[in-house]
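**Student:** Sequences and hints are given; from them, build the entire structure.
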Amino acid sequence: MKLSTNYIVRVLATGFVVLILLSIPLFWARLLCNVGLYLWMPYEIKSAAIEPSGLLPDNLENDPNIERHSRVSAKMEIEPLLPIGIIEYFESTSPGQSRSCLILSSSEKDWAYFDNKSGQFVFRYVETKIMPDSDKLKREVQYYIGPEGISELPDKTLGRFIEPIADNSEFKTSLWKSSKIILYDKKLRHFFAINLKDRNITKGPQLSEDDTHRPIDIGILNKNDDILDLYWMPPTINNQSIYSRKLRIHITERDPGYRPDRYILVLDKSGRIDLLDKETLEFAGPAGRLPTPATLFPTYKNATPDDLLAYRVLPVALKEDHKYRGLFAATVNWEGTALALAVFDANGVPIKSDQTWTSVRRGNRRTHSSRAVLFGFPGAPAITIGKFLLENLHPPILFLASYFTAGSFEAASGHRALFLLPNSFVAMKGRDARENIAARFLYALLLMSPSIVLAILLALRVSKDAAIVGLSRKTRRWWLFGTITFGLVGYITYRLTRPKITLVTCANCGKPRRPDTDICHRCGSKWDVPELIPPAWRVLNG
Amino acid sequence: MLTLIKREIRDHELFFIGSVILSAVLIGLSIATLDGHYWIELVTFDSPAGAIVLPIIIFGFFAMGAVQMNTDRIRKISAFISILSVSRNRILLAKIIAGLLAILIALVPLAVTVTILLRIHAPPIPIFYVMVLEIFSGTFLITLACYFIGLQAGWNSGRPIPAIVGLALTCILATLILIKGFTPEIIVILSLFIVASLIRTWHLFMSTPL
Amino acid sequence: MNDNVIKVENLVKYFDGRCVLDGINLTVPRGCIYGLLGRNGAGKTTIIRILLGLEPATRGRTSLLGTESTNLAPKIRGRIGCVAEGHNLIQNYKVERLIKLCKDLALQWNDESFGHLIETFRLPMDRRVKDLSMGMRAQLNLSLAMAIDPELLILDDPTLGLDTVARRQFLELAIEVIQKQDRTILFCSHILSDVERIAERIGILAAGKLVVDCPLEQLKNRVKKLRVIFSESVPANLYLTEIINQQIQGREMAITVANWNRQKQAILETFKPSSCTEIPMSLEDIFIECTRPNPQPVEIA
Chain A
0 MKLSTNYIVR VLATGFVVLI LLSIPLFWAR LLCNVGLYLW MPYEIKSAAI EPSGLLPDNL
60 ENDPNIERHS RVSAKMEIEP LLPIGIIEYF ESTSPGQSRS CLILSSSEKD WAYFDNKSGQ
120 FVFRYVETKI MPDSDKLKRE VQYYIGPEGI SELPDKTLGR FIEPIADNSE FKTSLWKSSK
180 IILYDKKLRH FFAINLKDRN ITKGPQLSED DTHRPIDIGI LNKNDDILDL YWMPPTINNQ
240 SIYSRKLRIH ITERDPGYRP DRYILVLDKS GRIDLLDKET LEFAGPAGRL PTPATLFPTY
300 KNATPDDLLA YRVLPVALKE DHKYRGLFAA TVNWEGTALA LAVFDANGVP IKSDQTWTSV
360 RRGNRRTHSS RAVLFGFPGA PAITIGKFLL ENLHPPILFL ASYFTAGSFE AASGHRALFL
420 LPNSFVAMKG RDARENIAAR FLYALLLMSP SIVLAILLAL RVSKDAAIVG LSRKTRRWWL
480 FGTITFGLVG YITYRLTRPK ITLVTCANCG KPRRPDTDIC HRCGSKWDVP ELIPPAWRVL
540 NG
Chain B
0 MLTLIKREIR DHELFFIGSV ILSAVLIGLS IATLDGHYWI ELVTFDSPAG AIVLPIIIFG
60 FFAMGAVQMN TDRIRKISAF ISILSVSRNR ILLAKIIAGL LAILIALVPL AVTVTILLRI
120 HAPPIPIFYV MVLEIFSGTF LITLACYFIG LQAGWNSGRP IPAIVGLALT CILATLILIK
180 GFTPEIIVIL SLFIVASLIR TWHLFMSTPL
Chain C
0 MNDNVIKVEN LVKYFDGRCV LDGINLTVPR GCIYGLLGRN GAGKTTIIRI LLGLEPATRG
60 RTSLLGTEST NLAPKIRGRI GCVAEGHNLI QNYKVERLIK LCKDLALQWN DESFGHLIET
120 FRLPMDRRVK DLSMGMRAQL NLSLAMAIDP ELLILDDPTL GLDTVARRQF LELAIEVIQK
180 QDRTILFCSH ILSDVERIAE RIGILAAGKL VVDCPLEQLK NRVKKLRVIF SESVPANLYL
240 TEIINQQIQG REMAITVANW NRQKQAILET FKPSSCTEIP MSLEDIFIEC TRPNPQPVEI
300 A
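Chains as they are written, first to last, in numbering that gives the first Met the number 0: chain A, 0 to 541; chain B, 0 to 209; chain C, 0 to 300.
Be a bit skeptical, because a hint or two may be false.
Unchecked claim - Using C-beta positions, here's what the derived DEER-type ranges look like: (1) E118/C / A23/B: 39 to 49 angstroms; (2) E95/C / L1/B: 10 to 20 angstroms; (3) G114/C / N88/B: 28 to 38 angstroms.
Just so you know, these hints were derived from the structure itself, not from any lab. Idealized CB from N, CA, C, for every residue including glycine.
**Tutor:** Okay, here's the thing in structure tokens:
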């Protein structure tokens, strides 16, 4: 039987339907395995701590009456529903989130958003003015803000922002109306400072094209902060923390009293953290970088924000002088199995760091949590093997594509991938920076071997059946190739599109033959229907 | 063509009435919920109503597709009509148009109402309208995809296993919304799925003896 | 314009590995009334369903009004009237609604003729089809088929369930159609007296083959049943070909032969039978002879 266009279209359509309907339950099965691993992950490999923190002045940290030094702790609590895209969809449309043009929504009356159409920010809020007679005058104001200025009316001469990112830290309090809002436009490569009180906008110097800075976030630097907790505790004395109105030490960046001095943090695409001078809108030097957590197949490259499932950065300043002292940074690896914590001083020099480790059962050897989670605890190996086998049910071609595209995904979205598997063991190997390309690829093929073996076995079955039903040699070859490439999907597609014909026994060769062909596709003999015995005579007219 | 569509609508008027009722109930709920103070909630979508309504819509239209085809097979309606001056293509197209209309009746008035309510109560922030468009597009496409599964399941008349399999596949496909959310990605995936399902349904309908 | 309204070429049909039609070749010219006969399960309805595109052929080609059955456009279908076996109408529709549906979908509709038929048959408009008797359904089906003024009328056992009077009315209607120029009828029925009344050409299916396909009058001339008495015993071998049936009782033999001609007559005469008389056969008799399952000579005690 020759291939017809209809047949090809039907096969492709069926194949696509099967791919989707098979990928979905495999996704849920893999998710179940991950949930099992996360739930059984012991506490010791979910947290890291550094004590003393290293950022307090000596007179505070080394006070003879100190009972306990200052401590910074990070803890990851992987949310089982993390891969659920619908939750991420709605959360990302909240103010300040990735998909949202809304940068503020504090009440019915106060809101601010970026209008893509005009390329300008729109701020609307209730402004309170104190009159000469001490009366407070409240009025609703709306401002349109572009790179060239601020106006109460829409005005094209204000210019257009193209791809702005704003510092949302100011919106945590109501003081944003009277303080500066820093933002950066990725395309214009300028920093801007918006001053709503004085109705002006200050533009910083443009970053040149060969400038390595590629800012992606300003101010509060965090990603998926609901799965990563980073907190800082001051030293304790007589069971009380050193806490006085004079020396108030701020615990988190969301502390309403936290007012940084002239610097804010800027996160670069490379994972480096820089200080930005709010007055001059120029970089004031490095502040540190996102620490690189361990992965199952270690990578030596510095972690970028896209490589991390979560990160959180906590700058430290004391109320007495609001002077920037340094920062703490915590990160969670792609797979959600390891956490790294680091402390950087005011000059961006790393002074302390910690990772999640555990002591496994064999000989008290310390193992990175990224390995321990998968193999080190009762039940974990079974779940890991189950996850591995589920991954191998995917079409080999997509599995292979996962290897080559391993670094192209953003970590959190990788957990929601349906067709490619950026969280698979093969993809992890693809991100392994240690070995040479050939060794890495061979290892990846080894990891894929169950998938390849299954695909070959299914392909042989398909080929045999296709011969029985009389498909042409060319068609059989295509099916063989398709099944090897797409594995189980190819096999199911074949079964669904296989010609639905009841074969009859050939009177000549005795093998099953198709009744819809003129000759037997096996022996080439012409048709004969032995069960029907028509009479020898005919009465026909011409 | 219009005659065939009218025939389909009349034969399955219960589903159309159900669509109208559902739409009316949802519009009422929206008006009650989305008054001036609650537009912020639309952004975070705290209401669990969506989690209840969406499965009703999805499984309801799966059932419509299954019933359309199943009654056709049992009563041999297409066998009769195809003898008249009508091609099988048109018979199938009429069924699909009827199904589409039912889905649009359920969703479009609600989408229009929500948009109007947002215009009245919410600030003119584009994200809301983008969200409304994305959510309704996603809902429309997933419903249509499950409707096509129903058409294919219902065509195997009299046997329970294809219906059960169809229902299971609908459950599986519906979870795609959970996995991907209402992102543009799901619109692409579902659009391709719908085209592929349409091809399969067309082939099934055209090649099966009536 | 193609003279062959119906064309069947090498039609083969298998159902689940069982062969029903094994290489049927059939043409029905324009204006012909073709009676297609066969025993139950011979494949008559199968041929009609394949012709109408309701069933795919396993092999071979069929065409109606010059168009392949698998590609019948609505315009072609609009010229074909069909009364299917079992009167497959939409059961839960009311008669009125069904009529409206057919009328709206038809390319042409003869209101006058249809109204006359409905009046004649006295069909109740407000009753559901499933509540009609078999005969009424047949009448409704026939009326719907005739209302479109069809160029080709396909009738698959149309008088099933009709009483004698209704059957006669139907036949008269069929004759009315015939009288219209260039109208063609393909007629399947088990009531051979009806077929004999109106058919011009006959086809008989047996064992998956079309064993008879010729004008009715020619059939009667070419299939002969003879009663032959021999002076001594019946010869073991008469050297006659195309024997349809043979029954022997002592010195007497009843033999049915296809394509009877002078040559066969001469061969028979060489055996010097005592007598040889022709037994006249109706179409029904011919049909029974032709569709006997076992054509071997039968000795009757």
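**Student:** Each hint needs a verdict: does it hold in this structure or not?
**Tutor:** Hints and how they fare:
{"no.": "1", "hint": "E118/C / A23/B: 39 to 49 angstroms", "verdict": "holds (46 angstroms)"}
{"no.": "2", "hint": "E95/C / L1/B: 10 to 20 angstroms", "verdict": "holds (19 angstroms)"}
{"no.": "3", "hint": "G114/C / N88/B: 28 to 38 angstroms", "verdict": "holds (32 angstroms)"}
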